[in-house]
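K.L.:
Quick note, the sequences are listed as chains Z and Y, same order. Per the numbering used here, residue 1 is the first one in the first sequence, and the count goes up by one each step. Per the numbering used here, residue 1 is the first one in the second sequence, and the count goes up by one each step.
Possibly wrong hints are sitting among the right ones.
[Said to hold, decoys possible] Here are some of the chain Z residues that sit facing chain Y, going by a computed Cβ distance under 10 angstroms:
hint, residue
1, V96
2, G107
3, L140
4, T144
5, V150
Keep in mind the hints are simulated off the structure, nothing from the lab. Yeah, the Cβ is synthetic: ideal placement off N, Cα and C, and Gly gets one too.
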Amino acid sequence: MTYLAASAVIALALPACSAEQEQPLAGALATPTDIDLDWRDTRPGVAGHVLEFATEEAGPYTVLRYLAPQVTHYRHPDLVPHTTFHYRLRAYRGPVSRPLQTGLPDGISFTWTDRSADEDGFLLEIRRRNSDRYDPVAVLAPNTTTTDLVTLPDEQHASYRIRAFVLGERSNTVRLTTGE
Amino acid sequence: MLARLRTLTVTTALCVTSLLAAPHAFAEVEPGGWQSVSPGHTVQERGCGQADGLTFRLTCATASGDQRAERRYATYTGGTRQFEGYFRITSLSGTRISLKQTFNESAAGPYFMLAVERGGRLYAVHGGTTLSNAGTVGATVRVNTVHQVGAEHRTYINGSLKHTYASPGGSFYDKLGAYRTNSGTGPATVEWSGIRFWRK
Chain Z
1 MTYLAASAVI
11 ALALPACSAE
21 QEQPLAGALA
31 TPTDIDLDWR
41 DTRPGVAGHV
51 LEFATEEAGP
61 YTVLRYLAPQ
71 VTHYRHPDLV
81 PHTTFHYRLR
91 AYRGPVSRPL
101 QTGLPDGISF
111 TWTDRSADED
121 GFLLEIRRRN
131 SDRYDPVAVL
141 APNTTTTDLV
151 TLPDEQHASY
161 RIRAFVLGER
171 SNTVRLTTGE
Chain Y
1 MLARLRTLTV
11 TTALCVTSLL
21 AAPHAFAEVE
31 PGGWQSVSPG
41 HTVQERGCGQ
51 ADGLTFRLTC
61 ATASGDQRAE
71 RRYATYTGGT
81 RQFEGYFRIT
91 SLSGTRISLK
101 QTFNESAAGP
111 YFMLAVERGG
121 RLYAVHGGTT
131 LSNAGTVGAT
141 VRVNTVHQVG
151 AEHRTYINGS
161 LKHTYASPGG
171 SFYDKLGAYR
181 TNSGTGPATV
191 EWSGIRFWRK
């Protein structure tokens, strides 16, 4: 019973909706029109996060970026002044595979087999030269089995993989109003 | 297990309180005195352009002539206008397709054109400025434009200011869809959603 009470006190002491320690999303105004977002998520199996924003609490939310699991910070820059922004984070999980690659005049064509039945989509992930991690570079609809990537110079000699991803639970929502 | 449930219950209560306490939300960006408006529109299909609701297709790779499928909204003169919409490119075998235009009716030409290159680069056709690389196939992108007629036209991509352009006075109108630019070519399919307008 004592433990129950302590849990309740801890939850009340934290900002609204942030008591789930797995996904505490925090935000702050770095300048009147730049918002910094930070989080930490070390749960096993988490393959990355989707960061979303909206200017109405009920949405619609727009994806800002799919981010590798090592990424724990994002700056949303040059924002609309005197506007309230809402942010939330969503973890995703899923297996990776090596796609077949075919060269194109302006990029690379990828082909793979869809072995998952319930994916929310596929991520094409890239590991650039001199990088020690894979970052999402394209988001594809469920049941997709091919895509073309128009490559930038540092993407032509990189390593690629495909992830069938499933979205997980949403984080707390961070609400901040820009100034200026 | 009980402790865990208790913690979650308290947290949920806090979330609900937060929602209830939130002030009335305004969708439009930038401060002050916006009034929602609903301008009428016509649909324009030229060449291999096909419009189906808010889905716009260029079905050919023709690199010349008028190839477009668009909505043309009603003309406005003076004041400040705001446009908001979300687009998603569902296929782009071609390149350099204009997605959104602010047309200067007084000068009989496009004044601001937001276009996409194969690969996802969003750019301003006049001047070539890169606005963002967010226009990849499958990604939903939010666009807000604020046009102070006779002063300035600002473009926000996913909430961030990406382009500012001096504006003359006169009559203007908004267009959206898929439009082959002079150096562009289809095929392309673009889906727009959440189209809203305000004035002040």
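K.L.:
Where does the structure disagree with the numbered hints, that is, which hint numbers, in rising order?
P.N.:
1
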